Amino acid sequence: MKLAIKLAYRNLIGAGLRTWLNVIVLSFSFVVIIWLKGIMSGWDYQAKTDMTNWEIGGGQYWQENYDPLDPFTLLDSHAPIPAELQPEIDAGGVVPMLIVQGTIFPEGRMQAVNIKGIKPDQKIFKIPTQKLDTATDAIPAVIGAMMARNSRLKIGDLLTLRWRDANSTFDAADIVIVDIFSSNVPAAELSQVYMALDKLQEMMLLPDEATTLTFGESKENRSEISGWTLKTKAMLTKQVDEMIKTKSAGQTILFAILLLLAMLAIFDTQVLSIFRRQKEIGTYIALGYTRGQVVGLFTVEGTMHAVLAAIVSMIYGMPFLLWQAKVGWTMPVDASEFGMAMAQTLYPVYSIGLVASTVIVVTLTTAVVSYLPSRKIAKMNPTEALRGKLQ
Amino acid sequence: MENQSIITIEKLVKRFPMGKDSFTALKNINLKFGTGEFTGLIGPSGSGKTTLLNILGSLDVPTEGTVHVLGKSIGKLSTKEAAQLRKESLGFIFQSYNLLVVHTVFENVEFPLLLLKYSKSVRYKMVMDALEWVGLTEKVHSKPPQLSGGECQRVAIARAMVKKPSLVLADEPTANLDAVNSHHILKTMETLNRELNTTFIFATHDEKVISYLRRKIYLLDGRVDKDEIITPQKSVAQ
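For the record, the sequence lines run as chains A and B. Sequence positions in the first sequence follow this note's numbering and run 1 to 391. Sequence positions in the second sequence follow this note's numbering and run 1 to 238.
Quick caveat, the hints were computed from the structure, so don't treat them as lab data. Warning: the hint list may mix true and false statements.
Distance windows between CB atoms, simulated [as the list claims (entries may be wrong)]:
no. : chain 1 : residue 1 : chain 2 : residue 2 : range
1   : A       : 253       : B       : 175       : 49 to 59 Å
2   : B       : 180       : A       : 16        : 32 to 42 Å
3   : B       : 180       : A       : 318       : 48 to 58 Å
4   : A       : 314       : B       : 128       : 34 to 44 Å
5   : A       : 13        : B       : 180       : 30 to 40 Å
6   : A       : 260       : B       : 129       : 34 to 44 Å
7   : A       : 353       : B       : 78        : 37 to 47 Å
8   : A       : 253       : B       : 129       : 58 to 68 Å
9   : A       : 311       : B       : 128       : 27 to 37 Å
10  : A       : 261       : B       : 190       : 50 to 60 Å
11  : A       : 2         : B       : 194       : 31 to 41 Å
12  : A       : 253       : B       : 15        : 47 to 57 Å
13  : B       : 78        : A       : 268       : 28 to 38 Å
14  : A       : 16        : B       : 135       : 26 to 36 Å
From the structure, some residues in chain A lie toward chain B, with a derived Cβ separation under 8 Å [unchecked claim]:
no. : residue
15  : 11
16  : 14
17  : 165
18  : 383
Keep in mind it's a predicted model, so treat the numbers as computed, not measured. Note that beta-carbon positions come from the ideal geometry of N, C-alpha and C, so glycine has one too.
Chain A on its own, in the form it takes in the complex (with noise of 0.2 Å):
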């Protein structure tokens, strides 16, 4: 093996500039796949965490009629806080979010939005809730900035809140818009409006009730609470998983589609040198190689192509890559649209994984490339060979 290596590497290198361009074929691909499946890696990373800055925290409880896909469950969608609790919230390690109903009215215009009553001093979302601390003579209230750019809100803005409380009676006032976040969190912005907890629970005559009940990441196997059922990160953030493999399997066919350009060329090469080289097939066979050790250093032959190009790879795609995962890559679309929670400029995360797992494939898919054409050396006559007749 070690000699086929050697001998491998001596006839690429001799080859110049055949060697040379199917290489860099390869590396292109490296370079391309390990980038993209680093963005779709550093996706996850950002829409999970994301999703536990501003949306689900380390997993929540979540009231047992509550569906936040379906708006008609929230009327019915509170409970009083467990006692048990209670040491937990005081602590700061549960926070409690009532959801409810209503409508707001910005520039006249009537929209339906979900309130949300959460602590001010919380500390489980980054939600600028201490804002909702602000002695106004409306309510104050913090929204998203995909929901201030969609209803064309910005810090000051008075607008009149409709909602209708336990008893069914509507009622109304103003709230004014003490600040603007910006999360990449659809489901956190889009229709949200987040005042006091103890402000929205004294509206919808609710006393000490929520809806949610979000834990930090700190306790892990919790148990279940009667009337409450426990949605775990993992559970939570599913949907992103399920995204993200729906994508990695359309990249997929990206990657097939790159790899089959670079091993067109491979093959290529393969057949051309066997085709051109019979007589040296012949030399080594009379030199003392078996056909099928002929076999293996033309398969090392070409698998090194692999190797050479994960050398190359590094050399230029290193950098390349390096500077990507800090400068990041904005999509030319607004990413808000996507309805999940998708920031506007991705950083490609690359793991050791990741990359080994693409040199590993990559690598094996050159050898079985190379490997199909030698095969026909496995059938030729070393006399024949010798001569360098065509077989």
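Use these hints to put chain B onto chain A, whose structure you have.
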């Protein structure tokens, strides 16, 4: 020196399929070759000399009869055993040199030693010795395309001789060379034959080669037409 038999050929027949029929290239060949011979298989094109050389080199197998080379029955060797025989005991010299063009002179000559897994220092010494035998130590870093035909063939001789094989098979080694280079090459091989006691068997119809031979086996239409051993007196007379 030339009494110990290293090759025994008995009733050798070699046929090649030609469509539905077959072509008989070698017909009932019976020969023996001793250690240190400097022998030629002489004959026109199609007489079967290259076919016989290929069988002796375990690159081909007999259709009928037996061929023993260095105690091994060629027809009964597995592919691996045949390769082992070639690797350890045989050297080949070809008409068109068959050098590995992307490798240097050193690497070409080193190749058989790599197969035999000699250490680097031993390889270096053996390669340099072989290049000294053929007078090419100055071209050690050159590649075949940078060499003349004569130099290429000397590299091929060095490659065949570097492992000091028992038997060297040379197929028309001077066919692509001019007279001066041919004589130089033949003198080199003759010297190596005498100094290392290596058996040389040539397939040739080149008069220049024939004049150096100590045994001449004439082949005609696949049969041995004449087997002539040249005595020293006769050789001197030539």
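Here's how the hints hold up against the structure:
1. Taking 49 to 59 Å as the suggested C-beta distance range, the pair residue 253 of chain A and residue 175 of chain B conforms, at roughly 57 Å.
2. A C-beta distance of roughly 34 Å is found between residue 180 of chain B and residue 16 of chain A, which places it inside the suggested range of 32 to 42 Å.
3. Under the hint 48 to 58 Å, the C-beta atoms of residue 180 of chain B and residue 318 of chain A, about 57 Å apart, fit the expected range.
4. For residue 314 of chain A and residue 128 of chain B, the hinted distance range of 34 to 44 Å is satisfied, since their beta carbons lie about 37 Å from each other.
5. In this structure the hint that residue 13 of chain A and residue 180 of chain B lie 30 to 40 Å apart at CB holds, the actual value being about 35 Å.
6. Between residue 260 of chain A and residue 129 of chain B the C-beta distance comes to about 51 Å, which lies outside the given range of 34 to 44 Å.
7. Distance hint check for residue 353 of chain A and residue 78 of chain B: the Cβ-Cβ separation is about 44 Å, which falls inside the suggested range of 37 to 47 Å.
8. Look at residue 253 of chain A against residue 129 of chain B: about 59 Å separates their beta carbons, and that is inside 58 to 68 Å.
9. For the pair residue 311 of chain A and residue 128 of chain B, the supplied restraint of 27 to 37 Å holds, since their beta-carbon distance comes to about 32 Å.
10. Range check, residue 261 of chain A to residue 190 of chain B: Cβ separation about 57 Å, and the 50 to 60 Å hint holds.
11. Between residue 2 of chain A and residue 194 of chain B the Cβ separation comes to about 37 Å, which falls inside the hinted range of 31 to 41 Å.
12. Separated by about 55 Å at the C-beta atoms, residue 253 of chain A and residue 15 of chain B satisfy the suggested range of 47 to 57 Å.
13. In this structure, residue 78 of chain B and residue 268 of chain A meet the distance hint of 28 to 38 Å, their C-beta atoms being roughly 34 Å apart.
14. The given range of 26 to 36 Å is respected by residue 16 of chain A and residue 135 of chain B, whose C-beta atoms sit roughly 30 Å from each other.
15. Interface hint at residue 11 of chain A: satisfied, since its Cβ lies 6 Å from the closest Cβ of chain B, which is below the 8 Å cut-off.
16. The criterion of a C-beta within 8 Å of any C-beta in chain B is met by residue 14 of chain A, whose closest approach is roughly 2 Å, and the hint holds.
17. Interface restraint check for residue 165 of chain A: the shortest CB-CB distance to chain B comes to about 87 Å, outside 8 Å, so the restraint is violated.
18. Given hint, residue 383 of chain A at the interface with chain B, holds; its Cβ is 5 Å from that chain's nearest Cβ, closer than 8 Å.
The structure fails to meet hints 6 and 17 from the earlier list, while all remaining hints are met.
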